[in-house]
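Trainee: Chains as they are written, first to last, in my numbering: chain A, 14 to 689; chain B, 15 to 648.
Hints in this document: simulated from the structure, not taken from any laboratory.
Beta carbons: idealized from backbone N, C-alpha and C, even for Gly.
Among the hints, erroneous ones may be present.
What the hints assert, rightly or not - Okay, the calculated bits of chain B under chain A, using three or more residues with CB under 8 angstroms as the criterion: (1) 496 to 507; (2) 514 to 523; (3) 535 to 544; (4) 547 to 557.
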Amino acid sequence: MPTTATAASTITVDGRTVPIGQARNLLEVVRASGVDLPTFCYHSELSVHGACRLCVVDVKGRGVMASCSTPPEAGMEVVTRTEPLRRMRRTSVELLLAAHNPEGPSCDRAAACELQDVARKVGVERVRFKPMGRDLPLDRTSAAVHRDPSKCILCGDCVRMCAEVQGVSALDFAHRGAATTVQPAFGRGLGEVDCVGCGQCARVCPTAALIPAPEIEPAWKLLTAPSTTAVAQIAPAVRVAIGERFGLPAGAETTGRMVAALRRLGFAKVYDTTFTADLTVWEEGAEFVRRLRSSDEGPLPLMTSCCPAWVKWVEQFRPDALPNLSSCRSPQGMFGGLARRLLPKALGIEAKDLAVVSIMPCTAKKAEAAREELRSEGRREIDHVLTTEELARMIDGAGIRLGDLEPEPFDQPFGMKTGAGLLFGASGGVAEAVLRYADAVLGDGSRRDAVWEEVRGPGALRVATATIGGRTIRVGVVSGLRNAGQVLDDVKAGRLALDIIEVMACPGGCVNGAGQPRPARGAVDSRTAAIHRADRCEHRQNSADNEEVGKLYKNTLGEPGSHTSHELLHTTYRPRRRIDDLDLLLTAGEPGGKLLTTVCLGTSCHLRGSQGVLRGLLDAVDAKGWGAQVDVRATFCLEQCASGPNCKIGKEVLTATTVDKAVAEIGAQLAARPQG
Amino acid sequence: MTIATAPASLEALAAGYAQARASITRTVVICAGTGCLSAGALAVRDALVKSIAARGLPVVVELKEEAHDHAPRDSTLVGVSGCQGFCQMGPLVSIEPDGILYQKVVVGDVEEIVAETLVAQRPVARLLHRAGGSTCHGQAEIPFYRRQKRLVLEQCGSLDPEDIRAYIHHDGYLQARRAWTQMSDEAICKEITASGLRGRGGGGFPTGRKWEVARVQPGARKYIVCNADEGDPGAFMNRSVMEGNPHSVLEGMMIAGRAIGAAEGYIYVRAEYPLAVKRVRRAVADAEARGILGDDVFGTGRPFHLHVMEGAGAFVCGEETALLASIEGHRGMPRPKPPFPAISGLWGCPTVINNVETLSSAVLILRMGAAAYRRNGTPGSPGTKTFALTGHVANTGLIEVPFGATLREIVFEIGGGIVEHGKVLGEEGFKAVQIGGPSGGCLTRDHLDLPLDYDSLRSVGAMVGSGGMVVMSRATCMVDVARFFMSFTQVESCGKCVPCREGTRQMLALLDDICEGRGDEGTLALLEDLAWTVQQASLCGLGKTAPNPVLSTLRHFRDEYLAHVRDKRCPARKCKALSPPEIDEVRCKGCGLCIKSCPVGAITGERKQAHHIDPDKCIKCGACVTACKLKAVA
């Protein structure tokens, strides 16, 4: 039997004694000892996969083992470098290189390819095997993430990230042997399935098989078009990460230099999304207070809506919780609405010549900007969304040396910010900003600038309880959509009582967004610390103190929740089907002229008994001999989840369908048909 | 679903069956294993029933339960059995108590069988097996059977697999009852450990130890899983047991379940075995209906339920962690071990996974006692092993021998020798045996007298495996054999780990190069190097053993590989690109047609003299082969 490891137990790694500590596997012990074994498929936040076989070590008495999947036991003698181990690692990487479709310098990951990096580390000098790369079609269906399956090395990191952290499972393995691929359901595009666009798959992808949907080229076109006036908005989390791409330490302060760089790229005005974050606090704060006072204003807990991946997740997976979602647009969306309304006049240009570009740490913001709900007067309010990484490439591409620039200020009025708005860049920040605001508006002001340690820090779910204005408010903070789903379940089951829930899809919040430069180990924590530091450096720490926001209400919006606010700053949601245009044909009559009947088998309708309706309907079609006149199909969503089971007969959508109701409708429609 | 019944009285069921059989004086058993079925066994059965009835003789096809339904006196029972093993000679019909085994019976033989054997009590000589110049009446006289030791398969060819009473009548479920009502869990594990039983699925891990590990695990929920996802090409041992004696598998699972404290079990049957699936399902339903399986096993008040699950159609699902993932509804991909399933298996619960044959053997061990069981086989590998004997051998079929039997006994006595172009050859025709399927290795003439057991096979780079045994004659190209197995594992790799997914693909490409004349000695070196990495670094057993056929053929038949890469010649003339046509000097009449047909002028020869092909010039287009009217070019 294995010796039970205690905190004081040790093993030897290459002859040196190393404590096991809290390590869950040999790889962690080996890495803690200072030996950085290469891996493709190991991520401490995901389950152990054991597929890349690069972390092999030799354990005395047991032989060669993958260290990631071997529990450490006291007294183990581990060797990480022997000639056979080196040979194995080198051969494995050679095999991957032979199977990989190399694109070379034009590859999205050319400069930061983990495959190249590891190949160098394990000493591949040439590939002895036949090139067997596959030419598979690109998947550009998603506005958030693009797929290039021919670059996939099948490490499965994306699959586990999507399932284990986000609870979405938009990607999984299909086929076997050399034909194995990672793909969305039914081989469809990412944009046609339930992918929420968070991009965490791309964040962990070691190659360019999954990348943020690129928008650099169209952005350049806007910037160089003569008649266009381009303005930029920059999200809080961008400024604490972009420096990493220019050799600065993680969390380095680059705001002013970044603004300067954007002006040099050709942006006429450079604004701060932090401004609309403050505005969000006002609007959402008002919405929250209204809901607190009357349930007619909407249910509690109020759920934040700043994160578009989370919003899409609720639309797809928990349509019953849509009323809990704040109707506020995300800060990016609010900026779009304001810019279209106010900027043409303020800048003295024609509305059609205004181009709005966002710089975001995020891929879901790309998809958000493409939403129907964020279009006005026939065009997108936000023309393009660039990631932090894309901005860094444009700065590089323009030959600008970020480090050499003199800092410049944001343009006003949308450049004014408070520390609270900056906090939006990290998990817990929205909650903290709202708590401060509530204290200023409803409370005694004693904690109007306070740091709420309860909502910071690690842990999947943090809860703060605040008594403000005589009322106890319970605030929940969660990141990672799988965790969020758990919180929703707990709230629904009465295991957890909350008044407001902040959700960010990416673990740790926007600082860890998929649009950020690839972080070195520990960089995300440095970014979060930088956000918190920046908050303390602002001389205003409460969104209520953003004077320009105050002026905006005075001059344009009226008051939070006003009609104009709703027009520019709020949005609507709807249940969204999880897979596009995929119906299953269950009966087939004669071709032509048949009455199409589709029964929804999506989760929500399924729980309401749609399987029974379908079965009953199929039996009835048989019994009545309608086989030649009626097509019965199953579909996955008719987007009316709250009133299921839903069924579509001809052009008629039936809600709360029963077999009798559906049969009657089919009978009526068939009877109404012209004979012959 | 479980039908609530009083705990079964096995004795009452057995007595009822005996009574129902009392009026049967003769049984005609038609083998209904898959081989015989596909050769028309059921049509033979129907014809027999019809023919006997037409003569006004009492015939029954099913033993009724109720006394008033019992057959009339002196009836003939025409029944079916599972695989009787001698598949090559099917359809097989055995007649008792006459001790007759007829082979290759077709419907046209039925009248004669009824008239001669059933009425006139005379054997039909032309339907009997012949060996060594003499006629064999029944199994006892047929060398194929005589040299075997059929323990696991004993009841396969005689019991009606779809009649639970037949199994119970032959002491079925007595050991399960003993295990559940009289033995402690510890005592069962001890007995199995004492028997020295080792896993028959290929790994050879001591079964008793596996059970003991699961037994001592804490936790209320534990599972027993029967791995019946037999996937080796050419192997059908487990299939035959499930088709022929499904209740023995159920009883083994009940014993294992009791030993580890499981209340539930899964039988994961290869979906491509429809008959096995059907019979195992039937067996479970019958055992439930009789109260043997259910919520109150043998009056203990404790439940035991079995589920039958069809495999997901991939070879890798026979790997235990992939199999568990598949039962759980996930993609059948292996996961790293540890944790081992006995500690954390199905849904994280302690789970024992045993192969069909292992579970059937457990019943035998309790029935015979560990000491008596150990008298079979060798000290390190006690008991017997079933093999699917196929390939260039006179008698193919399902066999069972004690461990320690030699290859010579199997190939030349049971198998009846090597067959080449219809002729039976001796040792000179023997080249190799591939044992253990695509995970195994080859044995050569040097190993003919090696006693086969787990350890001796491992020492020569092969393995017992699950029991596939392919005999190869001298006409076989061993490089081609390695390529065949590699193409199998390459397709069946689950695609998870790099060495297996990519390594097997590259190994296959290298073997293609060698077989198609593009290889050199560097190719061989690279192949060996890669094989070593795949073997060392792969995640699961499939990958770790995938290079075995290559490594073992390289070890024993290196000369053949060298002939392929150095001389660009396939000694067995199997690899087309390396086998230029040759002209048979005896047949060639020197007509010159081939000379005219050759596009590169590689053929020379005087008129009316045997011609000759220059292998260096020949482009192996085959034009001369087609042109020759005397079939002298091949």
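Trainee: So, for every hint listed, does it hold in this structure?
Mentor: Verification of the hints:
{"no.": "1", "hint": "496 to 507", "result": "holds (count 4)"}
{"no.": "2", "hint": "514 to 523", "result": "holds (count 7)"}
{"no.": "3", "hint": "535 to 544", "result": "holds (count 3)"}
{"no.": "4", "hint": "547 to 557", "result": "holds (count 5)"}
Of the hints listed earlier, there is not a single one the structure fails to meet.
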